[in-house]
Amino acid sequence: MGEPIMLEFEVKPLDFLAAGEAAERVKETLKTLGLPSSICRRAAVVAYEVEMNLVIHGGGGHMVLKVEEGQITIIAVDKGPGIPDLSLAMQEGYSTAPDYIREMGFGAGMGLSNIKRNSDELEIETEVGKGTKLVSIIYIK
Amino acid sequence: MAHGIRVLEDSCRGCVNCIKSCPTEAMRVIHGRAHIIEELCIACGECLRNCRHRALQLAEDPWEGIFNNKDTVALMVDPSLCTQFLWPPNTDFLIGPLRDIGLEPISGVNSEAFDLAALAVSRAIESADSKDMPLISTYCPAVVRLVQIRFPELLKHLVPVESPLEFGIDLWRIRTQQKESVVLAASCPARIAMVHDPVGREVSSAEWAVSVARLAKEIRSRGYAKAEIKAPAEGERWVQWGMLGGETLHVASFMNRDLNAIAVSGIRNVFDLLQEVELGLHAEVEFVEARICDTGCIGGIGNAESRFLSQRKIRSQKVRWDKTASEIEVLEKLYRARIWELQRTIEPINRLPLGEEISQAMEKLKEMNAVYAELPHIDCGACGRPSCRAMAEDIIRGRGEVEDCIFKLRKRISGLAEELLLLSRRLVHTVVEDKH
Ligand code: SF4
Ligand code: SF4
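Quick mapping for you: the protein sequence lines, in order, are chains A and B.
Counting in my numbering, the first sequence runs from 1 upward without gaps.
Counting in my numbering, the second sequence runs from 142 upward without gaps.
Simulated from the structure, these hints should not be mistaken for lab results.
It cannot be assumed that every hint is accurate.
Said to hold, decoys possible - DSBU-like mimics (lysine-lysine), calculated; alpha carbons at most 30 angstroms apart, straight line:
hint, chain 1, residue 1, chain 2, residue 2
1, A, Lys141, A, Lys31
2, A, Lys12, A, Lys116
3, B, Lys474, B, Lys464
4, B, Lys505, A, Lys141
5, B, Lys505, A, Lys66
6, A, Lys116, A, Lys133
7, B, Lys552, A, Lys12
8, B, Lys552, B, Lys507
9, A, Lys141, B, Lys507
10, A, Lys31, B, Lys552
11, A, Lys31, A, Lys66
12, B, Lys358, B, Lys211
13, A, Lys133, B, Lys507
14, A, Lys141, B, Lys272
15, A, Lys116, B, Lys272
16, A, Lys12, A, Lys66
17, B, Lys297, A, Lys141
18, B, Lys459, B, Lys474
19, B, Lys272, B, Lys320
20, B, Lys507, A, Lys66
21, B, Lys211, B, Lys320
22, A, Lys31, A, Lys130
23, A, Lys79, A, Lys116
24, A, Lys12, B, Lys161
25, A, Lys130, A, Lys12
26, B, Lys459, B, Lys358
27, B, Lys272, B, Lys297
28, B, Lys297, B, Lys474
29, A, Lys31, B, Lys358
30, A, Lys12, A, Lys31
31, B, Lys161, A, Lys31
32, B, Lys371, B, Lys505
33, A, Lys116, B, Lys297
34, B, Lys505, A, Lys31
35, A, Lys31, B, Lys549
36, A, Lys12, A, Lys133
37, B, Lys358, B, Lys371
38, B, Lys371, A, Lys31
All chains should be built: construct the whole structure from the sequences, respecting the hints.
Dropping the structure here:
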């Protein structure tokens, strides 16, 4: 099998126009590997929510797609404000997005719970004032 | 011939204008000639719009072949055919001119067929599982192909109701017992493909497809003018389907409550909306009316009239959306006969993976990324591919050489030239030039 495949994305803060592009790239890349479309879709959902989180909350950041035998890993790192109460943030409908972003229709508070629902494993390290690292794993069966 | 489009090789100048316009990157220009990768083409017609040399054309059936010694042939009228003339969009006015050119419109069935389709869609919405929401219209065959190719996860959202242009012909055959072949008036390559390469059934109910523009030209050339035609008191409901939003209005008219629907047109909007639906952003929407062409089918490449004039004509008509008791009675009977149903499930069109095994595909993907890294990333199109990424993929799939890239070729040539120079300096003997 050898080295895993790595794909890196730079996500700029508040770049709403580009949102969704990385998700599409992730989906198309996984499809060319011949992975089942349900797995491609789940990875695309995670990538999209991660992207949106970086755009809205994280002040931009870095996303990596890693594909290896048996699993897909999506890693997101930002140097944003961090998440003060993680279990609260995981609840559906909870959002800290500022009003002007909510008015644009984003940040409805689906992000983290949606990532959780579509991941087989999810790990989040966060420190207020320092930033957040998110690792989502989807198994390839 | 790929999906309703014909490439006229002799007219193609290899200018590569078309390849950038294709939303699914299905076009290539190899050895100066355009060709289409069939399994990627959705028959949207964007490439036709962008070919200045008219080398890409609708693959409509030849006029003479259709008649083939017959005096009249039956015609299924598309809503957009009704908007091509100076008179108001109305089938009655069309009958005379169409007969004049030898076509007998399947009159009468259109309004029933479209009513039935709208009724069936409304019933499907009412009984759908919330996890299959929103349901997506199957009226535009290019949208259906886009879902098959790019959004296979959304196939279960496609409403299992066939195009009324398709089952309307069945209805006419059942009613009249006619065996005659039928021509479909096609507003786009996707409608031509619907006849010659159907998706929701084995064989199309129509035998031939001719563009709306061709029909309009035949009629116009016979000098039909506005005459003294007055707009009828009431517009026909089914003609509204030619314009974006018409199907939604029709479907909603069968429901006793508000319908939560989105209607979008234009390739970009359709693409973005489907992507968002796939990401789960529109789970509370019940129905999506998506049309590949801007403004709907009146914006199809196979029409002659301006889409904005067509739009004004359709808008100017007052339509009665409520149905009479006797109309409802007939519809319920037809609904129970289920002639509106898709006959075949719509399957995904999977892109060939890079390798048979995932591990093999991963190796290929790595190679592809390495090839891509060496390309100039300016997507110039000179290699005949729409982007450097598509070029890298073609190389890995054995459909191209690195030197098809002019920048790589230039490097290679200058390398070779240097080598030649070095070699030439190594010659020990010099031949004295011959002077006579
Ligand atoms: S019809 Fe559309 S999808 Fe097919 S090659 Fe032309 S632009 Fe591409
Ligand atoms: S919107 Fe209508 S004209 Fe355009 S591709 Fe779809 S079916 Fe054809």
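Against the structure, the hints come out as follows:
A threshold of 30 angstroms between alpha carbons decides the hint, and for A/Lys141 with A/Lys31 the separation of about 15 angstroms falls inside it, so the pair holds. Between A/Lys12 and A/Lys116 the CA atoms are separated by roughly 23 angstroms; this keeps the pair inside 30 angstroms, and the hint holds. Restraint check: the Cα-Cα separation between B/Lys474 and B/Lys464 comes to about 15 angstroms, which is no more than 30 angstroms; the hinted pair holds. Annotation: proposed proximity of B/Lys505 to A/Lys141 holds, straight-line Cα distance about 20 angstroms (limit 30 angstroms).
Between B/Lys505 and A/Lys66, the direct Cα distance comes to roughly 15 angstroms. Compliance with the 30 angstroms bound is thereby established for this hinted pair. For the hint pairing A/Lys116 with A/Lys133, the CA-to-CA distance comes to about 14 angstroms; that is within 30 angstroms, so the pair holds. Simply put, B/Lys552 and A/Lys12 have alpha-carbon atoms about 35 angstroms apart, too far for the 30 angstroms limit, and the pair is violated. Between B/Lys552 and B/Lys507, the direct Cα distance comes to roughly 23 angstroms. Compliance with the 30 angstroms bound is thereby established for this hinted pair.
Note on A/Lys141 and B/Lys507: the hinted pairing holds, with a Cα-Cα distance of about 21 angstroms set against a maximum of 30 angstroms. For the given pair, A/Lys31 sits about 33 angstroms from B/Lys552 by alpha-carbon distance, which is inconsistent with the 30 angstroms threshold. Under the criterion of a C-alpha separation no larger than 30 angstroms, the hint pairing A/Lys31 with A/Lys66 is consistent with the structure, at around 14 angstroms. Distance hint between B/Lys358 and B/Lys211 is fulfilled; the C-alpha atoms sit about 21 angstroms from each other, no more than 30 angstroms.
The suggested pairing of A/Lys133 with B/Lys507 holds, with an alpha-carbon distance near 26 angstroms, which does not exceed 30 angstroms. The suggested pairing of A/Lys141 with B/Lys272 holds, with an alpha-carbon distance near 23 angstroms, which does not exceed 30 angstroms. This hinted pair checks out: A/Lys116 and B/Lys272 have alpha carbons roughly 18 angstroms apart, not beyond 30 angstroms. Distance hint between A/Lys12 and A/Lys66 is fulfilled; the C-alpha atoms sit about 20 angstroms from each other, no more than 30 angstroms.
Distance hint between B/Lys297 and A/Lys141 is fulfilled; the C-alpha atoms sit about 22 angstroms from each other, no more than 30 angstroms. With a C-alpha separation of about 28 angstroms, the suggested pair B/Lys459 and B/Lys474 falls inside the 30 angstroms cut-off, and the hint holds. For the hint linking B/Lys272 to B/Lys320, the alpha-carbon distance of about 42 angstroms lies beyond 30 angstroms, and the restraint is violated. Taking the CA atoms of B/Lys507 and A/Lys66, the gap is about 12 angstroms. The hint holds against a cut of 30 angstroms.
As the CA atoms of B/Lys211 and B/Lys320 are separated by approximately 14 angstroms, the hinted pair is consistent with the 30 angstroms bound. The hinted pair formed by A/Lys31 and A/Lys130 fails the criterion: a straight-line CA distance of about 35 angstroms is larger than 30 angstroms. For the hint pairing A/Lys79 with A/Lys116, the CA-to-CA distance comes to about 21 angstroms; that is within 30 angstroms, so the pair holds. At most 30 angstroms may separate the alpha-carbon atoms for a hinted pair to count; A/Lys12 and B/Lys161 meet this at roughly 27 angstroms.
Using a Cα cut-off of 30 angstroms, the hinted pair A/Lys130 and A/Lys12 holds, with the two alpha carbons roughly 18 angstroms apart. A threshold of 30 angstroms between alpha carbons decides the hint, and for B/Lys459 with B/Lys358 the separation of about 28 angstroms falls inside it, so the pair holds. Between B/Lys272 and B/Lys297 the alpha-carbon distance is near 10 angstroms, which keeps this suggested pair within the 30 angstroms criterion. Restraint check for B/Lys297 and B/Lys474: the C-alpha separation of about 27 angstroms stays at or below 30 angstroms, so the hint holds.
Of the pairs offered as hints, the one joining A/Lys31 and B/Lys358 is violated, with about 45 angstroms between alpha carbons and a cut-off of 30 angstroms exceeded. With a CA separation close to 26 angstroms, the supplied pair A/Lys12 and A/Lys31 stays within the 30 angstroms bound. Simply put, B/Lys161 and A/Lys31 have alpha-carbon atoms about 22 angstroms apart, close enough for the 30 angstroms limit, and the pair holds. Among the hinted pairs, B/Lys371 with B/Lys505 is inconsistent with the structure: their alpha-carbon atoms are about 66 angstroms apart, more than 30 angstroms.
At roughly 24 angstroms between alpha-carbon atoms, A/Lys116 and B/Lys297 fall within 30 angstroms of each other, so this suggested pair holds. At roughly 13 angstroms between alpha-carbon atoms, B/Lys505 and A/Lys31 fall within 30 angstroms of each other, so this suggested pair holds. Only pairs whose Cα atoms come within 30 angstroms are accepted, and A/Lys31 paired with B/Lys549 is accepted, the gap being roughly 29 angstroms. Distance restraint check for A/Lys12 and A/Lys133: the Cα-Cα separation of roughly 16 angstroms lies within the 30 angstroms cut-off, and the hinted pair is therefore satisfied.
A distance of roughly 23 angstroms separates the Cα atoms of B/Lys358 and B/Lys371; the hinted pair therefore holds under the 30 angstroms criterion. Between B/Lys371 and A/Lys31 the CA atoms are separated by roughly 56 angstroms; this puts the pair beyond 30 angstroms, and the hint is violated.
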